[in-house]
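Student: Here is how the chains run, residue by residue.
There are 2 protein chains.
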Amino acid sequence: MKRNQLRLYLVTDRALAGGRDIEDIVRESVEGGATMVQLREKDIDTRDFIELALRLKKVLAPYGVPLIINDRVDVALASDADGVHIGQSDMPYAMARRILGPDKIIGLSVENFAQIEEANSLDVDYIGVSPVFATPTKTDTAAPFGLEGLRRAVEMSVHPTVAIGGMNASTAADVISTGTDGIAVVSAIVCAASPRKASEELLEIISKASS
Amino acid sequence: MKRNQLRLYLVTDRALAGGRDIEDIVRESVEGGATMVQLREKDIDTRDFIELALRLKKVLAPYGVPLIINDRVDVALASDADGVHIGQSDMPYAMARRILGPDKIIGLSVENFAQIEEANSLDVDYIGVSPVFATPTKTDTAAPFGLEGLRRAVEMSVHPTVAIGGMNASTAADVISTGTDGIAVVSAIVCAASPRKASEELLEIISKASS
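For the record, the sequence lines run as chains G and P. To convert, note that position 108 of the first sequence is 108 in my numbering; the numbers rise steadily by one, no gaps. Positions in the second sequence are counted from 1; adding 1000 to them yields my numbering.
Any given hint could turn out to be false.
[What the hints assert, rightly or not] Far from chain G by the CB rule (all over 12 Å, computed), these chain P residues: (1) Met1001; (2) Gly1064; (3) His1159.
[To be verified] Covered stretches of chain G, as calculated for chain P (at least 3 residues, CB under 8 Å): (4) 45-55; (5) 63-74.
[Claimed, not checked] Some, not all, of what chain P presents toward chain G, calculated at C-beta under 10 Å: (6) Thr1046; (7) Arg1072; (8) Val1073; (9) Leu1077; (10) Ala1078; (11) Gly1087; (12) Gln1088; (13) Ser1089; (14) Met1095.
Rather than coming from a laboratory, the hints here were simulated on the basis of the structure. The beta-carbon is built from N, C-alpha and C at its ideal position, and this holds for glycine as well.
Using the sequences and the hints, build the whole thing.
Tutor: Structure below.
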């Protein structure tokens, strides 16, 4: 994984998609510049999850954009996705690495500074600093890092970082100015009238803020 | 897997356990004669699922009773369980076999005769004929096979069979008399005042009916 593939990281959310097809949202977002896609699904049959992952892989292949599966190492294996993103209540990192092998991307959510220190001792591919701001998308999250917390997290981490939680056109410039490698966006793309335009706009903000 | 390990197959259900510890129910049931245990969990964090599987493995090891994980190939890999049980909406069999390798047990639920024919062309270790009777434990099931349907399923199948759905002390003798290798029991053990005594009683009925 290249560090700049974290710049604009789309995380899917079927509930927020409001009946629109996840494939269409992903395609549009990638055409608009998204650099990585995480398929996040809860309450879905394993078979449907795998089939959706296989469909998204086909969508992403022409763009060279990696497909990351949230939580489910089995779905990542079955669909031969590019990797998994795991949280602190998912499979422990060492087990996931053993099962997936050295070549798959494994991202790890960290919710506090102790977890960043722990991640520093692991060969994870990136960490997701979560949440930076309070967000309605996930309600089971820890206290937000805030911009100063994110800046400190970026300094502490030996791994590339992506900022999660409350990422949108209003917050992106300040977030990128902390030095983080990218932003992980859910509702600002998934709920947008045009996921393509929303992605273009976010990527422009990111490019300006990081230049 | 030996065919007689299907004789009394316990399937866990946390909701039916009513706050009692799954580990205790499993230990008691195995002491009472259960020959195989399937850990079935929905709505549980992956990490908790893995930890519970690892605890059950320790409980079962001294008895040589296999631990089977429902649906989740990732949990089976992480915990090095003896195998998985998959349904028609779980990971397709060929994918599960490829990921788990030739030595793990893979059981497949079949809900009609066409699925039994399909299973005959696969190297599954056993099939679960489901449901034999209507049952309140699972509400998303197909039309029941009934005793005559089960008898036909047993004749058709090239694989060992275990009967699922409505298995208890009242039905076990008739079910075993169809020639099926065993019964998969949920509430008749999980909800019993003494899972040990319930298991002993069921095993006695099975032994008498199959002799």
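Student: Which hints, by number, does the structure contradict?
Tutor: none
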